Every structure is written in C-alpha cells, then in structure tokens.
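If you read the sequences in order, they're chains A and B. The numbering of the first sequence is full-length UniProt numbering, which starts it at 1 and goes up by one. The numbering of the second sequence is full-length UniProt numbering, which starts it at 1 and goes up by one.
Treat the hints with caution; some may be incorrect.
Derived DSS-like pairs: lysine-lysine, alpha-carbon spacing no greater than 27 Å straight-line [claimed, not checked]:
id, chain 1, residue 1, chain 2, residue 2
1, A, K310, A, K244
2, A, K86, B, K112
3, B, K176, A, K310
4, B, K112, B, K176
5, B, K22, A, K137
Anything over 10 Å on all C-beta distances counts as not near chain A; from chain B, calculated [stated by the list, open to error]:
id, residue
6, F11
7, A33
8, H35
9, K57
10, D60
11, L72
12, G75
13, T101
14, E109
15, E133
16, R209
No wet-lab data here; the hints were simulated from the structure. These figures come from a predicted structure and were not determined experimentally. Heads up, the beta-carbon is just placed ideally off N, CA and C, and yes, glycines get one too.
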Amino acid sequence: MNFMDSIQGMSFFDMHVHMISRTTDDYQAMADAGVVAVIEPAFWMGQPRTGVDSFRDYFATLVGWERFRASQFGIRHYCTIGLNSKEANQEALAEQVMEILPLFIYKEGVVGIGEIGFDDQTPAEDKYYRAQLDLAKEANLPVQIHTPHRDKKQGTSRSMDIAIEHGVEPGMVIVDHNNEETVREVLDRGFWAGFTIYPFTKMGNERMVEIVKQYGPERIMINSAADWGVSDPLAVPKTAALMKQHGISDEAIKLVTFGNAVTAFAQSGQLNLEELLEPLTIDQSQRFNGSSVLRGGQAPRVDKESTIIK
Amino acid sequence: MNIATMSQTLFYLIEQQPDSGKAVEYLRQQVDAYHQNPQVSSFYRVFTAMPRFVGRKGIDVPADMAFSLQRLRPGFSVAGWTMDRLARVWWLLQLPADEKTIYVNTISELFKAGELNELVALYSALPVLAFPESWRFQATEGIRNNIADVQSAIMLHNPYPADYFDEAAWNQLILKAFFTDKDVTHIIGLDERRNERLAHTLADYAAERRAAGRSLPPHIELLME
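Kindly generate the complete structure, drawing on both the sequences and the hints.
Take a look at the structure:
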C-alpha cells in the first residue's frame with residue numbers, strides 16, 4: 001500500500017529539517033506529500049567552519065535564499081538560529097559567532113534559538129549553551145535543544161536542568177531527538193518532546209507509533225531532521241501514514257505532525273495557525289530566475305519520466 | 001537631496017496610514033532613544049525587528065505625497081510598498097551622515113546580514129541615502145541577486161541605477177531584467193540610457209532565443225533599434 005493513500009488531505013509541519021542540504025526534488029516530494037511548513041535549525045555542515053563569515057553567510061542563507069527556495073514549492077520556511085554544540089568547542093570562533101547572533105535572531109521567520117545544547121558535554125559547550133539560553137530569554141524566543149547522541153539520557157536531563165536554572169520556562173523549550181529512554185522525564189517536567197525519524201541512528205517510525213500509543217499526543221512532535229546524511233525528508237508524512245494504519249486517531253496524528261509544533265513555535269510571534277492554513281500563493285513578483293523561469297506562480301515541474309528536457 | 005526633509009516627508013506618510021497610531025508611537029520612541037544614545041546595535045535592532053512593530057500592510061500613497069517625494073528626489077517612488085519597507089527606509093535616514101566611513105560601513109553590514117525583505121528595503125533606500133556614489137558596487141550586487149523581489153527593488157521604479165551606473169553596469173541591469181521577466185517599462189531611465197552596445201547585445205540575445213525556439217520578451221524591440 002502506498003503511504004500517500006493513507007494521508008490524503010493532511011497537512012504536515014516538519015519542525016526540524018536541514019533543507020540547505022536537500023534538492024528541489026525533495027522539496028517537490030515534500031509538497032506533494034502535504035508538507036506545508038518546515039523549520040530549519042542552524043547546525044554544522046558536516047565539517048567544522050573556520051571563520052565567522054561562514055556562519056554569517058549560513059545564517060543569512062537560512063533567512064534568505066533557503067526561505068525563498070522553499071516558497072517556490074508552496075512551503076513556508078522558518079528557522080532557528082544558534083551556535084551548535086559541536087562548534088561551540090572552537091572557543092575563539094564561538095565568541096565571534098555569539099557577537100553576530102543578535103543580528104539574526106530578530107529577523108522575520110526566526111522562530112527560536114537552536115539547535116543548541118550538548119554534543120560531547122564539554123565545559124565550552126556548557127558555556128555557550130548557557131549564554132544562548134540567556135539570549136533566548138532576552139528575546140523571548142523558544143529554544144530548540146539538540147540532545148547528544150552519546151550519554152544521551154544524562155545529557156538530556158542536564159540540558160533541562162540548565163534551562164530551568166536560567167529561568168527559561170519548560171513550555172518555551174523543545175527538547176529534540178528523544179527516544180524511549182528520555183521521553184518520560186521530558187514530558188513529566190513540562191517540556192515539549194521532539195522525535196526525529198531518521199533511519200538507522202535515531203527513531204524508527206514503528207517505534208514512534210508505540211510511543212504515541214503509550215504517551216498520547218500531548219506535547220509530542222515529530223520531524224525528519226533530514227540533512228546531508230542518509231535520511232528521509234518524507235519521514236513525517238510516512239510516519240503519519242503508519243500511525244493512521246495502526247489506528248491512531250486523525251486528531252492525535254494532527255497534533256503530533258502539525259499542531260503541537262505550531263503551538264510551541266508560535267510563541268516566537270513569528271508564525272501563527274491562520275497563516276499556516278492559508279495556501280502559500282506565490283507572488284508573481286517573487287519569481288526567481290537563474291536560467292529557469294517560474295510561470296503562473298508555481299515552481300516549474302520537471303517530468304522525471306520524460307527523456308526530453310526543454 | 002535634503003535628507004532631513006525626505007525623512008520628515010516619509011514620516012508624515014507613515015502618520016497618514018490608517019491605524020498607524022501604535023507604529024508611529026513606537027518609531028518616535030525609538031528615534032528619541034537612538035538620538036540620546038546612538039548605539040549601532042540599537043540601530044540594527046530597530047531596522048531588523050521593524051515588521052513586528054509596524055506590520056506589513058500595503059501603504060496608501062496620496063497623490064500630493066507622491067508629488068512631494070518626486071520633487072524631493074526625482075524618480076523616487078514608494079507606490080506599492082508595505083509599511084515595514086517604508087518605515088525601514090525612513091529609519092535608515094536617521095543614521096548620522098557626518099562621517100562617511102562609519103556611515104557606509106554601518107549600512108554595508110546590514111546588506112551583509114540582510115534577509116529578503118530587509119534587502120528589498122535597503123536597495124529601495126539607495127536613491128535617498130547619503131554619499132550616493134558609495135553604493136555603486138552594492139547596487140550591482142542587487143542586480144546579481146537571485147531573488148526576484150530583491151532584483152525588482154533595485155531594477156524597477158528606482159532612480160539610483162540610471163543616475164549612478166556606468167554603461168556596462170546599466171546594460172547588465174537591462175539584460176538581467178529581460179532574463180528575469182521583469183516589465184522593463186518600469187525601469188527608470190530606460191529611454192535616456194539607450195546605447196549602441198546595449199542594442200547590439202540585445203540583438204544577439206534575441207537571435208539566441210529564436211535559435212532555441214523560445215519566444216522574445218516583451219518590449220525588447222524598443223531597445224534594439
């Protein structure tokens with residue numbers, strides 16, 4: 001059975017996906033599967049940056065070119081801006097990044113500070129995580145937390161402890177990349193729990209179905225975190241289909257794949273439900289052009305089956 | 001152009017917008033605070049956060065205001081702008097212009113970190129900024145930009161290019177406008193800046209289009225003679 005058959009008419013919000021690493025084919029497939037909005041958290045590039053200008057250009061791309069690129073496919077693109085935990089370890093550079101963050105966090109489409117938190121759980125990571133929590137508090141923005149791959153359970157608890165220590169309300173914090181071992185504490189303490197459906201390393205979506213069955217849909221949200229690795233930008237619609245096939249209610253599916261993320265990130269004042277429910281009509285004046293041309297307000301569709309390229 | 005008069009006129013236009021009470025109050029507070037303590041960080045914050053405080057509604061431009069703006073800066077028009085764009089351009093005029101290097105560097109940093117709507121406002125502001133000759137290169141960067149709204153902000157209804165571009169930059173603007181399906185009749189100075197080299201390049205372009213079996217963009221023949 002094709003997963004698309006189970007999710008006809010549903011809309012999805014992938015609240016964590018690195019579109020800068022994805023192709024226009026992915027955007028097209030996401031739009032076709034019902035993804036209407038995405039959040040792209042600032043992260044590393046798979047290798048370390050060597051200068052502050054690389055960060056500046058990356059942040060500018062997230063609020064500029066990538067947002068525009070998504071709009072060509074009718075997808076609203078938001079982002080969270082921050083210094084990721086891995087690169088917090090290059091302290092001299094981290095200082096410079098902290099200096100330019102205020103230039104970006106007030107921009108349109110910035111719905112939080114993220115993804116920040118711990119990787120190796122070093123003192124430098126701790127320092128810049130704390131500094132960015134203060135920044136989020138000052139700007140009244142939600143925080144998107146990346147929980148570590150290694151020593152995950154303890155690192156997740158520690159991330160929440162520090163957020164509370166800095167006076168950030170649990171309701172303003174989205175703790176991401178949860179699994180069976182971390183979810184209970186995150187929900188019990190009043191934080192939002194993000195789950196990343198990512199093949200081989202993070203959550204599989206059959207496990208996700210079980211989690212929603214066990215914990216219910218409140219304060220749980222899923223994402224693909226698709227990036228430059230082997231990942232799946234259709235993870236959210238596919239998981240919705242699987243939940244549907246396993247008898248989870250449409251209402252619960254909607255909360256987990258759309259509604260909860262809207263509620264959590266709408267606290268930024270930069271997105272709202274009414275806006276998201278309106279189809280993104282592409283202004284004729286916003287057509288982009290390299291050599292391809294958009295006509296009739298839509299991205300040109302490439303017929304993948306055709307040998308002819310016009 | 002007198003920057004203070006332009007600033008007053010734009011502010012008057014902001015005041016005339018329906019339901020602009022809150023926005024006007026906010027802008028007054030910000031400009032007072034900035035004059036008392038002219039920190040570059042607050043200059044940037046107000047510019048960037050503008051839509052949160054003034055909204056993004058389209059503005060009304062009464063005929064007498066359009067006329068006043070034209071008289072102050074020939075070719076300058078705010079028709080079709082949104083409130084955040086208007087307020088941002090007004091805000092840029094609050095930057096003290098007594099020291100050229102500081103002035104140009106401060107605004108250049110905004111270009112470097114600009115998102116789409118900020119860039120639109122920045123390129124729209126070029127004809128009313130101080131030290132107009134300093135923005136020649138930045139203006140050509142706007143033409144190179146790949147986002148249609150940003151291209152339009154510098155190419156269309158904007159008198160800066162016709163006033164300050166050399167022939168090569170001007171011709172690049174026209175060619176790029178055709179490539180990106182702009183309505184070239186909205187380019188200011190289209191007729192005055194016609195030149196032989198441009199006619200030749202456009203004729204080549206038209207031949208290339210025909211060879212590929214593609215149609216010719218509207219109005220191209222006007223500039224090929």
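Going down the list of hints, with the structure as the test:
1. Among the hinted pairs, K310 of chain A with K244 of chain A is inconsistent with the structure: their alpha-carbon atoms are about 40 Å apart, more than 27 Å.
2. About 25 Å separates the Cα atoms of K86 of chain A and K112 of chain B, which keeps this hinted pair within 27 Å; it holds.
3. The suggested pairing of K176 of chain B with K310 of chain A holds, with an alpha-carbon distance near 21 Å, which does not exceed 27 Å.
4. Under the criterion of a C-alpha separation no larger than 27 Å, the hint pairing K112 of chain B with K176 of chain B is consistent with the structure, at around 22 Å.
5. A distance of roughly 25 Å separates the Cα atoms of K22 of chain B and K137 of chain A; the hinted pair therefore holds under the 27 Å criterion.
6. With a least beta-carbon separation of about 22 Å from chain A, F11 of chain B lies farther than 10 Å from that chain, consistent with its non-interface assignment.
7. Taking the minimum C-beta to C-beta distance to chain A, about 16 Å, the non-interface status of A33 of chain B holds against the 10 Å cut.
8. Distance to chain A confirms H35 of chain B as a non-interface residue, since its nearest Cβ pair spans about 21 Å, more than 10 Å.
9. For K57 of chain B, the requirement that its beta carbon stay farther than 10 Å from each beta carbon of chain A is met, with the minimum near 14 Å.
10. Non-interface status of D60 of chain B relative to chain A is upheld: no Cβ of that chain comes within 10 Å, the nearest being about 19 Å off.
11. Listed as outside the interface, L72 of chain B is consistent with that label: its C-beta sits roughly 26 Å from the nearest C-beta of chain A, beyond the 10 Å cut-off.
12. With 10 Å as the threshold on Cβ separation, the claim that G75 of chain B sits away from chain A holds: the shortest Cβ distance comes to roughly 20 Å.
13. Against the 10 Å criterion, T101 of chain B stays outside the reach of chain A, whose nearest CB is about 20 Å from its own CB.
14. Distance to chain A contradicts E109 of chain B as a non-interface residue, since its nearest Cβ pair spans about 8 Å, not more than 10 Å.
15. Taking the minimum C-beta to C-beta distance to chain A, about 26 Å, the non-interface status of E133 of chain B holds against the 10 Å cut.
16. The Cβ of R209 of chain B lies farther than 10 Å from every Cβ of chain A, with a closest approach of about 12 Å, so its non-interface assignment holds.
Hint compliance for this structure: hints 1, 14 are not met, and every other hint is.
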